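Following the hints, complete the assembly by docking chain W with the ligands onto the known chain P.
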Amino acid sequence: MTGSHPVLTMTGISKSFPGVRALDNVDFRLFPGEVHALMGENGAGKSTLIKVLTGVYGTDQGTVTLADEQVSFTGPMQATAAGVSTVFQEVNLCTNLSVAENIFIGREPRRLGAVRWGEMRRQARALLARLDLDIDVNAQLGSYSLAVQQMVAIARAIDIKARVLVLDEPTSSLDAGEVAQLFRVMRQLRDDGIAILFVTHFLDQVYEIADRITVLRNGQLVGEYLTGELPQLGLVEKMIGKELRVLERLDEQPRRAATDRATGTPLLDVHELGRRSAVAPFSLTIHEGEVVGLAGLLGSGRTEVARLLFGADRADHGDVRVQGSPASLRTPVAAIGHGIGFCSENRRAEGIIAELSVRENIILAMQAARGWLRPIPRRRQDELVERYVRALSIRPADPELPVGNLSGGNQQKVLLARWLITEPRLLILDEPTRGIDIGAKTEIQRLVAQLSDGGMAVLFVSAELEEVLRLSHKIAVLRDREMVAQLTNDQDVDADRIMQSIAAGAGHEGVPS
Amino acid sequence: MSNRTAGYRALTTHRLFWPIVVLVVLLAANTVYRPGFLSVQMRDGHLYGSLIDILRLSAPLILVALGMTLVIATGGIDLSVGSLCAISGAIACLHISEQPDQNSVGGVLTALALGLGVALVLGAWNGVLVAVIGIQPIIATLILMVAGRGLAQLITEGQILTINSDPYKAIGVGHLLTLPLAIFIALAAALVVAAFTRRTALGLIIESVGGNAQASRLAGIRSARITFLVYVISAACAAVAGFMMTANVSSADGNAAGLWVELDAILAVVIGGTSLAGGRFSLGGTILGALLIQTLTTTVYAMNISPQTSLLFKAVVVIAVCLIQAPGFRARFARRRPSAAAPAPVTEQPKEQVPA
Ligand SMILES: Nc1ncnc2c1ncn2[C@@H]1O[C@H](COP(=O)(O)OP(=O)(O)OP(=O)(O)O)[C@@H](O)[C@H]1O
Ligand SMILES: [Mg+2]
Chain P
1 MTGSHPVLTM TGISKSFPGV RALDNVDFRL FPGEVHALMG ENGAGKSTLI
51 KVLTGVYGTD QGTVTLADEQ VSFTGPMQAT AAGVSTVFQE VNLCTNLSVA
101 ENIFIGREPR RLGAVRWGEM RRQARALLAR LDLDIDVNAQ LGSYSLAVQQ
151 MVAIARAIDI KARVLVLDEP TSSLDAGEVA QLFRVMRQLR DDGIAILFVT
201 HFLDQVYEIA DRITVLRNGQ LVGEYLTGEL PQLGLVEKMI GKELRVLERL
251 DEQPRRAATD RATGTPLLDV HELGRRSAVA PFSLTIHEGE VVGLAGLLGS
301 GRTEVARLLF GADRADHGDV RVQGSPASLR TPVAAIGHGI GFCSENRRAE
351 GIIAELSVRE NIILAMQAAR GWLRPIPRRR QDELVERYVR ALSIRPADPE
401 LPVGNLSGGN QQKVLLARWL ITEPRLLILD EPTRGIDIGA KTEIQRLVAQ
451 LSDGGMAVLF VSAELEEVLR LSHKIAVLRD REMVAQLTND QDVDADRIMQ
501 SIAAGAGHEG VPS
Chain W
1 MSNRTAGYRA LTTHRLFWPI VVLVVLLAAN TVYRPGFLSV QMRDGHLYGS
51 LIDILRLSAP LILVALGMTL VIATGGIDLS VGSLCAISGA IACLHISEQP
101 DQNSVGGVLT ALALGLGVAL VLGAWNGVLV AVIGIQPIIA TLILMVAGRG
151 LAQLITEGQI LTINSDPYKA IGVGHLLTLP LAIFIALAAA LVVAAFTRRT
201 ALGLIIESVG GNAQASRLAG IRSARITFLV YVISAACAAV AGFMMTANVS
251 SADGNAAGLW VELDAILAVV IGGTSLAGGR FSLGGTILGA LLIQTLTTTV
301 YAMNISPQTS LLFKAVVVIA VCLIQAPGFR ARFARRRPSA AAPAPVTEQP
351 KEQVPA
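Sequence order for the protein chains is P and W. For the first sequence, counting from 1, position 392 maps to 392 in our numbering; every step adds exactly one. For the second sequence, counting from 1, position 66 maps to 66 in our numbering; every step adds exactly one.
Since the hints were derived computationally from the structure, they do not count as laboratory data. All figures in this text were calculated on a predicted structure; none of them were measured in a lab. Ideal placement from N, C-alpha and C gives every residue a C-beta, glycine not left out. Wrong hints could be hidden among the right ones.
As the list claims (entries may be wrong) - Which bits of chain P does chain W cover? Going by a derived footprint, with three or more residues having C-beta under 8 Å, they are:
1. 164–176
2. 325–337
3. 363–369
4. 373–383
Claimed, not checked - Which bits of chain W does chain P cover? Going by a derived footprint, with three or more residues having C-beta under 8 Å, they are:
5. 170–184
6. 198–211
To be verified - Every beta carbon over 10 Å from chain W, so not counted as near; a handful from chain P, in silico:
7. L97
8. G106
9. A312
This is chain P alone, in the form it adopts within the complex:
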């Protein structure tokens, strides 16, 4: 693989946005038959480099050479035609079209100009089977979770006959199982000689699949390394530019002891709450200061549970008590009235308001709760925003930038800040660390622990079992849209035990696993 000729070379790439130098004289190369990880903190310029490559943005400076030919694509369509197939960080498919249509949009199998729908569905099914995904290809894409949508985007990209496959954080909302399957496919493609550019914030994944690593920091190239020659700690140092014991801190952080926070009247007590075709009726209590984790595989109903508790979807079954008295959580407004906040996993569609500024996005929930007649005084806005921009290290630290101009991870932090300033009694976090770099991730985990120590209850949903285990006092396990177990997170509980109870849930139903 080394010694051969790079299929893609980017030389001296610079790209500025008003006020930000996103890329500064960056070089990058990609060999056929390798998986090349592009690493860096949130806002380092990874996605920008990819967008320059695929022609989403023009360059200020620098050249892109694909297979010895200088290219300058006008957009992803042209890039795809030239053999560069891309999955962008923010999945941009059409949620109102079917899964099959999304996979083949723009290149539908045709005969005499007419679309061959049967053939299209057949091919779509086959493609998804390759990723081990068994879903109805006729269903609207929007009816599936973000993780499934991400898989569909990947399926679309790997189907295109490409020389270069670009994957910008494809695994950010996937479970271990899907990641393993994706890696199997990636290895296959690599062995076929395809060059793969892979972005992730999961170091384990990098060391599992990548042959080579390029590190960016603040828009500048730090260097290119062979994975085998760069230990994890070294990589982290290169990414953050200083020695920081982030990794140790992650590992050493003690498991949160199962303190008896589960005493007294629960803050939230739901009984047989459910919604047809979303999640079977379940009962759950959450106490003040308690972190309840939701574990389960892709499509097990984690997000659905979170949405029911916030009133984002309306339950058609069961009842709810908040601090002992009956309550209704039929709409987000009602839930917010009871002191509940909810950070959606789908930040682009359900989270940020891209053209509004960072400040406006952060104060939005608080302002909505006060009503439009009582605007938050500007001075107070600035104070609050500044505090959280600093606490979560949102970068660039300019509160007046449109949030859409921030990198993915920084947008996620803005969302988190939006709810933190409302000081909710129960904060529902659906994949709060999705797309967040390791430094900020530890920060957020610490923050969650700290807030719960301060009395805030947290419902923590994450595809990363480790994270759930580290933070939760109690873990509710979901399987096939049913809550199959609730475990107190003590010494005996570990990832294996949770996987077991997922499997046991299967046995319980009499389904061979």
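Okay, now just chain W with the ligands, sitting in the frame of chain P:
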């Protein structure tokens, strides 16, 4: 030097740069054609001149466009404003015509209140259709656009209702401090709407709903209420515009009053930089857009462009403005230029080639 280029860049990429340029060009063209165009004279204590005329005539359009801006910012559209102008004007005129003394100020004020009241009810109707029942705004307001004309005709019984009321006439052609009263009314309305949206959090919330309705809902915004409210505001603005239009000619014509004003208003909003997709809005931009449209209309008349080609002329100018503002169109230009100049030394720092 790079500083100056940056300043120039910031200027030309400003949202309102091109509308202003087009406005200036139009005014210049008028001046060339008719050298007295820019002159303003004092006569009988009033200022007269083409510029003043443009300001006065654009007042109703500004009013309608202000309301339209808020509706469009939520991602909606209000096609019924023209009909609302006709209805409110007709009601006011009808009430005045029934007065024994058409010049009584009290009678005129009741007439205005009646007209405004009916417009608010109709605006609420639009709001319910869109926000509560969930009908597409373009369809929901189309109902009133069509039915409203009929309603206005019913009120005037199919006739052109002429009145003779000095206080009412003043709304359209009266003067205050040497300037037409209509200018002050439009200005006051603009200030009220601006205060209403920017002094409260209404503007932010409207932009949020228009920018991402789903995310706004999850942030706890009651978007239905906001949507309802903007249609009511739009109707109120249209009502005042309707008074002005009918006061101008001292008569109510159910057919002609406010005809096609919805289209001019939508154009004004878009030229002012508010996206039809909703989100960020700019009241200042809208006012500029309305002035541009009115200048264009005046130019067409002043230059004696034949009625057959005048609409075409207007369309061409509007398309030109929209094109230069469109990000896609601009990007295409912006990208082409630097790439042509790429070999030239563009930057200060010499770039050293790092062989990878
Ligand atoms: N369209 C844009 N307009 C203005 N600034 C932008 C735009 N896109 C990106 N930026 C800025 O460029 C820098 C690099 O952003 P980029 O999205 O490439 O980061 P990233 O490395 O992909 O981060 P993440 O891990 O969070 O996805 C950031 O400072 C970001 O704010
Ligand atoms: Mg990115």
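Fill in: Non-conforming hints, listed in increasing numerical order
Hints 1, 5, 9 contradicted; others consistent.
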